[in-house]
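Engineer: Put chains B, C and D on the given structure of chain A with help from the hints.
Chains as they are written, first to last, in this note's numbering: chain A, 1 to 341; chain B, 1 to 341; chain C, 1 to 341; chain D, 1 to 341.
No lab work stands behind these hints, which were simulated from the structure alone. Since the structure is predicted, the reported quantities are computational estimates derived from the model, not experimental observations. The beta-carbon is built from N, C-alpha and C at its ideal position, and this holds for glycine as well. Hints may be right or wrong, so weigh each one.
[Claimed, not checked] Computed far set for chain B versus chain A, every beta-carbon distance over 10 Å:
(1) ALA238
(2) GLU262
(3) PHE274
(4) PHE282
(5) ASN296
(6) ALA339
[As the list claims (entries may be wrong)] Per the computed footprint, the stretches of chain B lying under chain D, defined by three or more beta-carbons under 8 Å from a beta-carbon of chain D, are:
(7) 87-97
(8) 132-140
4 protein chains.
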Amino acid sequence: MVSFENDYVAGAHPQVLRRLLETNLEPMTGYGTDPYTESAREKIRRACADPAAEVEFLTGGTQVNAIVLSALLRDWEGVLSPATGHIAAHEAGAVEYSGHKVLTLPQEQGKVSPETLRRWLEEFEGDENREHMVWPGALYISYPTEYGTLYSLEELWSLSRICREHGLRLYLDGARLGYGLMSWESDVTLPDLSKLCDAFTIGGTKVGALCGEALVFPGGGRPAHFMNSVKKRGGLLAKGRLLGVQFDALFTDALYFQLSAETIEKTQAMREIFRRKGIPFFLDSPTNQQFLLLENGYMEELKKKVRFCFWEKADEGHSAVRFACSWSTTEEDLKTLEAAL
Amino acid sequence: MVSFENDYVAGAHPQVLRRLLETNLEPMTGYGTDPYTESAREKIRRACADPAAEVEFLTGGTQVNAIVLSALLRDWEGVLSPATGHIAAHEAGAVEYSGHKVLTLPQEQGKVSPETLRRWLEEFEGDENREHMVWPGALYISYPTEYGTLYSLEELWSLSRICREHGLRLYLDGARLGYGLMSWESDVTLPDLSKLCDAFTIGGTKVGALCGEALVFPGGGRPAHFMNSVKKRGGLLAKGRLLGVQFDALFTDALYFQLSAETIEKTQAMREIFRRKGIPFFLDSPTNQQFLLLENGYMEELKKKVRFCFWEKADEGHSAVRFACSWSTTEEDLKTLEAAL
Amino acid sequence: MVSFENDYVAGAHPQVLRRLLETNLEPMTGYGTDPYTESAREKIRRACADPAAEVEFLTGGTQVNAIVLSALLRDWEGVLSPATGHIAAHEAGAVEYSGHKVLTLPQEQGKVSPETLRRWLEEFEGDENREHMVWPGALYISYPTEYGTLYSLEELWSLSRICREHGLRLYLDGARLGYGLMSWESDVTLPDLSKLCDAFTIGGTKVGALCGEALVFPGGGRPAHFMNSVKKRGGLLAKGRLLGVQFDALFTDALYFQLSAETIEKTQAMREIFRRKGIPFFLDSPTNQQFLLLENGYMEELKKKVRFCFWEKADEGHSAVRFACSWSTTEEDLKTLEAAL
Amino acid sequence: MVSFENDYVAGAHPQVLRRLLETNLEPMTGYGTDPYTESAREKIRRACADPAAEVEFLTGGTQVNAIVLSALLRDWEGVLSPATGHIAAHEAGAVEYSGHKVLTLPQEQGKVSPETLRRWLEEFEGDENREHMVWPGALYISYPTEYGTLYSLEELWSLSRICREHGLRLYLDGARLGYGLMSWESDVTLPDLSKLCDAFTIGGTKVGALCGEALVFPGGGRPAHFMNSVKKRGGLLAKGRLLGVQFDALFTDALYFQLSAETIEKTQAMREIFRRKGIPFFLDSPTNQQFLLLENGYMEELKKKVRFCFWEKADEGHSAVRFACSWSTTEEDLKTLEAAL
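Chain A with its partners taken away, still in its complex shape:
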């Protein structure tokens, strides 16, 4: 059955898989020391316009979030996150497993506003009991957010400034980064992120790879002995080439951006279909995840024809649901969807 259930229903982009095939029998050194990994690092540095950037590759999103945060946080610090942030809600307590608290901030459609952040920090800094509290050491945000929404460059700039003023590090989770950067609404670029963040990821798993997230430390900010910390947390692959070759392919001829852009185009086509069919949007997402409001009986019928994801109960008779496009979504899939609606 055609599936819009999420953006990881297929394997790797064919070009990525082809490169794995072509390089498969070359003997290479392990643990990310091979030439393809080095080449991928260099291509990402260039894409970020940041010659001093340090780039590492990890396998999955929860893994990279927990590892980078526990490396960035000092013993007495926790991480601020919008209450809907993936680390706060859907990573099984991986950050807490590292001994650090996730401090939650009020959010709107997945985003925390600079004003909210500033107010929280000022309140904390004025609290006489703060030596008995968890100190804020970093801000976690995602781009796009869990609701598919985007921060403007102006908002990111403000969040970054506030973090610096208050001694926090800024970490941006880019599990779906390509779909954010290529959105019609985005005014943000990779070089912008490299200037504003202390660390950020370029997600591969949902944007063309079989697995893998590139972790970027702009300007040479990688924590000391970071690969040892990765090993200690079980995140170091013997065959680092698996990640290196994939990201090398994704950052050759801007494949990462191209397939993200194509996905966004398909998303626009999908939005058009929903509009034509008069299906109301649950919220307005400018990225590859679209949230719709369906009457429950209709939803049950539709389930028999296409796959999509139940998101949350909206009211007694209606549900919010998610349809996700990805690089693997085809014209054919969209036609099937339109027919099914």
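Structural biologist: Chains B, C and D in isolation, oriented as in the chain A frame:
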């Protein structure tokens, strides 16, 4: 340059990669719920002759060791390991990161004897201060060991009996399991392991896969909510298919055993070459890793022609070195080696 | 200066200190195996009317909360707490340091209602993504709460029932338990707690002891090897007598209840003073902590005469402040307060 | 029965208890901010001849060891310890609970030699696999050791130099520090420790206090936000006065040193008794713990008359046992011992 440096110098066995290619565009559900993962589980259950076995797939060896041990150990327990065990020496403290101590046992050529284990446990149980000490909760062994050596079935049986008598769980790290089971010296089978262990792994990374270790809980012994524990430790892949498809291929038509057996044959050919050339063995390993003793000057010359791994200093003038075969070693490689020696 | 700043401004109740003095030179075995500790255990069992209760003594509140929760929770579980709960807000992330998340519930004046708990649990159990979330394993409540408020026996009964129905353990933090049980508003007794909770504490630090919290596991529910877990977390005192003798004194002739009752009487006298002086209450607490609303200028003047605790900003011109009575508060102190107001 | 079982059989030195009594009803601020704690800090600074030293007070030995080590170690580091070190053997894995490995060194009678340390470090630094290993971040030693033995100043100097050369911190566990410093064999002083160590403790529990260890960070080396780290690990007492008053008493008129010296005198008298009775020493300890070799039948008889501690089996017919003196040992006790032997 031809490389005998380790057994993960190449990518995946071509048949494994072919299956990834063939299934690449099929939409599948995530997190190990896809049909290929289920099929791989079933094939492994059959290979273990254990219909109740529970099988999970994780990405790497350090990861799986730390996760399974922290799930098997209770709060007040540590894990016994030969002093040379991978978890004790070369996993950057990943077990300790989970809050559990690795208690080391004397070993010989990587193996701990039943007698050593029994004596240690009896001494512990007679210690009046044991409430202030870390309690032994599990025994970690590897098959083959870090020195390429093997336990006999009789030894495994004894270790298993002692563990059961003293309330320990037995965990066997099979990162190179295939090369052990297919050795000319082995009298052990997968069904044996399923009867003797509380958990064991079937290593993929070093035996034909790009990445991945199958984790077997014989007889339905998987810890409760295990996948949640995996997620909490960053080990759950969104595209679980990456592991499932590979292991499904490895356990189709006994590929895993076949390529292990071929590797063992090549290892025997390599041993013959060393013998012909009069290179002395540092220790007698019956598996794919061979440990030789080289005069230092000769070693430096040889390094210019083939890749191998420095193991340890033997005496002032000599070094122990390791040559590893794998499924990707070719006849040609062996000829090059013979010429170089 | 006379101090109502908190309820731990003085040392130990004189009768407690006298017993430390009287027993000081008796040689005793360590780590809580001495006869006074055993006697204290037995007296607490009787006070709880629970012959199977297991009782341990720990040094401080944050320590006991983190240790007991990490022993009660299973790997994949977190603890539910009202958002204002001490573990959620003012223990520097000690629970998270043990690797478990604190999941926060909406509260009113420090209390979580049975309805709120039930709704949260039902929502969680209906969530399709719960395998990616932290599972609720226990409910943390305090009696009195951080706002000095009390649960009725009916409310505790309901919370306990809901916990049992949904597989949660119920833990009650009794750092100020005596002041709660002896309140004019309380309809709860120690035997009630022993029937309703899986674990609870009887706070000593704030109720007559120099330090120490008694930890009660009703009906023999102490986790296996608990003292080893305590040792592992640095909570085991060599001279366990320090805690045993103090609690033995506190539970001789019901001293604990008597000095709690006297404190409550003094609190009522203090409330009368505030009423006479027309100082408005910020909230209505029936225990030894009283929360008042002061105009800021007046507050600054008052600070020069008596010590009290700033609680939070109420509005632009007013502050909420806390005045705490304890067993060490004297008639004289209250007269000084009245004169100062 | 008269007890030489250990050095914590009695409560506090009477002078210490008197000060607790005298200050008992003074209202004081909490968490170590009271004037007695401050006074104790200043007296310890003076005793260390280190005006910049930072001094904190914790409750027990295992607690302080785990907290200070986890604060001194960086993420990728473990702590080196003689194999018999208290943290390695008898603290229930408290250091590992903080996520750091204890790396053990060969020892003789509880001591690690500078030569052993240097060799270990050089071997580690030459190991090509060290990025997969736990890095040494600190050296743990105790003074006196678990066997009652002492390092000479020359040995401490060498250990300290080697630590500095290799980037390790030096931590000295002084649970019985007084009995070491006052030994006839010691050539070490508190100011020496303040120059040589990055942190060390002055044990109170076994030297006159009810509980408490002073933790000294020479020269202002306290880790940032240390009290928050202490709170996070459950080590912060609300009534910090309990520790402050005791240490203030112990460091008034050199009481700590005086009662240590008296204990050493009694130990010498006890040694004389053993010599007179012809009881052989198991090892030669110059501090308050004496290790004797008893024939097993004789040992069983002796047990009926005095309390002492079984240490370990020496051979088939003999046992090593420990007799400990402390400040609370009396002339009378020694006479009883002599009569019993």
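Engineer: Decide, hint by hint, whether the structure agrees.
Structural biologist: Taking the hints in turn, this is what the structure says about them:
1. ALA238: The claim is violated: ALA238(B) sits with its nearest Cβ about 5 Å from chain A, within 10 Å.
2. GLU262: holds, 15 Å
3. PHE274: Correct as stated: the minimum Cβ-Cβ distance to chain A is 20 Å, above 10 Å.
4. PHE282: Non-interface label on PHE282(B) holds, nearest chain A Cβ at 22 Å vs cutoff 10 Å.
5. ASN296: holds, 23 Å
6. ALA339: holds, 18 Å
7. 87-97: holds (count 7)
8. 132-140: holds (count 3)
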